[in-house]
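Protein chains in written order, with the UniProt record's numbering: chain C, 1 to 223; chain S, 1 to 323.
No false leads were slipped in.
A few chain S positions that, by computed beta-carbon distances, are all more than 10 Å from chain C:
1) 2
2) 10
3) 68
4) 91
5) 104
6) 106
7) 108
8) 143
9) 171
10) 201
11) 215
12) 220
13) 289
14) 291
15) 297
16) 319
Here chain C is said to cover these stretches of chain S; the calculated rule only asks that three of the stretch's residues, wherever they fall, bring their Cβ under 8 Å from a Cβ of chain C:
17) 135-141
18) 270-278
Taking CB as the label site, the calculated pair distances span:
19) S/141 / C/127: 32 to 42 Å
20) S/191 / C/159: 25 to 35 Å
21) C/69 / S/290: 34 to 44 Å
22) C/211 / S/161: 55 to 65 Å
23) S/166 / C/88: 48 to 58 Å
24) C/153 / S/155: 55 to 65 Å
Bear in mind the hints are in silico, worked out from the structure with no lab data behind them. Idealized CB from N, CA, C, for every residue including glycine.
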Amino acid sequence: MTSDSIPSLTISMEGAGALLADAAGPVFSDACQQRIWALADRLREEPGVEEAVPGMNNLMVVFDPLRLDPASLEAIVARRWKEPVTGRAEGRLIEVPVSYGGSAGEDLLAFSAAKDLTPEEVVARHTAPIYGVAAVGAMPGFVYLSGLDPALSMPRRAQPRMAVPKGAVIVGGSQAGIMPVTAPSGWHILGHTALSLFDPLAEPPAAFRPGDRIRFVAREILR
Amino acid sequence: MSIRIISPGLSTTVQDLGRPGYYHIGIPLSGAMDRLAARAANLLVGNPEEAALLEVVFMGPEIEFLQDATVAVTGAELPPKVNGEEKATWTSLAVKKGDVLSFAFLKKGARAYIAISGGIDVPVVLGSRSTYTLGALGGFEGRKLASGDVLPVGAGRGAAEGRTVAGELRRSPGAPAELRMLPGLYWHRITEAAGRQFLEDTWKVAPEADRIGYRFKGGKPLEFVPREPPFGAGSDPSNIVDACYPYGSIQVPSGTEPIVLHRDAVSGGGYFMVGAVISADMDLIGQLQPHTPARFVEVTMEQALLARNDRARLIDRIRQALA
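Just need the whole structure built from these sequences, with the hints factored in.
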């Protein structure tokens, strides 16, 4: 996609008080995500809109249907999607120290074997890119990262684990992430970070915002 | 001003009307699953509707009052006892310092609300006192209550004993429970026949039914329209590119067992949704026991908005009755 083409947007109602605006195509698009963020910023100004929450190339809008007619909102979303996207201040670059492998990175060996790579090669590929925080959500302070090396793309586990620990550095499909709290997840665990992503008493409670950038730094590789 | 938990029951948490506005950092709504019952309990004891109270599941706690108070139990038919003497639900009760509140066995419903004059005075976290156990935040130390916990209670003037909410102002699920839903979202991903079948089947509440979501079993698996999986979505036809999940949305992993996401659900993920249960009926889901039969009933947007208005009027009538 070039910067001046506008991806098509599918708008569907999520019950009476929310809608999903989905522009996801076959591959994740940074330009599309910029447009999603811009749409979210604009919709937050609309009376009756309670929250605009970016997902991955999609956006959920929560609103009060007794104040803002769902059909009118749908029209507003479709119209504002086409408005030009102005530049956005570049986010912060944050380094995330990771201990790869070992008991806190229990999938590293099997993941490497499945990819026909050594654990060192997997770590090299995982630490090479600067990732973008595309979206925050799903769990308190969870970040969806774009920029994963396609060679590390891996379908999620068939059976999710019931408790993946806080700090787990994980990969699922073509996305990378970090567990902010201990919770169920079907993603693969490559390592562990001591960096805290979420503190409800901090302001803001989530360490990262959409648009921030992350670099993983290998502290050690355990076998 | 405080209460002491002698025994906590099965899973008792501090809740209020919830913590909206934080989906963007991954925090769900939390708050009472049956909001109408929670509002009514607070109104009965003279509290603001949004005061924090206790949500009780299936089995009641045993609580000692360390000061005089007004108490009311609403929601499920879980009869309260004061010093062993059975009392009415949906009615304000006067308790004295040293009195013990306990409960008889559950007769109907799933969740009861215990309001205490003054409200449970735990710290406000991100705008709410509701417990969100996954995030270990809000409520009493971010967790369900345990024996020996002493909970602070705010100052409240209380209300007269014997105030009650008339039966016609209460709502409880029918048999089977009829859950009104708006099809949408990824409804187009299932075949027309599968969509019809989904609405015709009688489902049963599965044992996995909690504040995160209610799973339903017993209907036929959904047949999908073939597709090319988009980025990040798994190969399973029920996987989607990760999107936000609102409260009430009906997700169907692998197309087999629908899960209606409730107050503590994760705010997003990669499973497709066929629509959403309307907010007026989310209260009813909070009162369903496992193995209860339930049906999904399709409504139009217009009907969903009328239902929302009806519920707002019902709350108004309770307010007026207790004013």
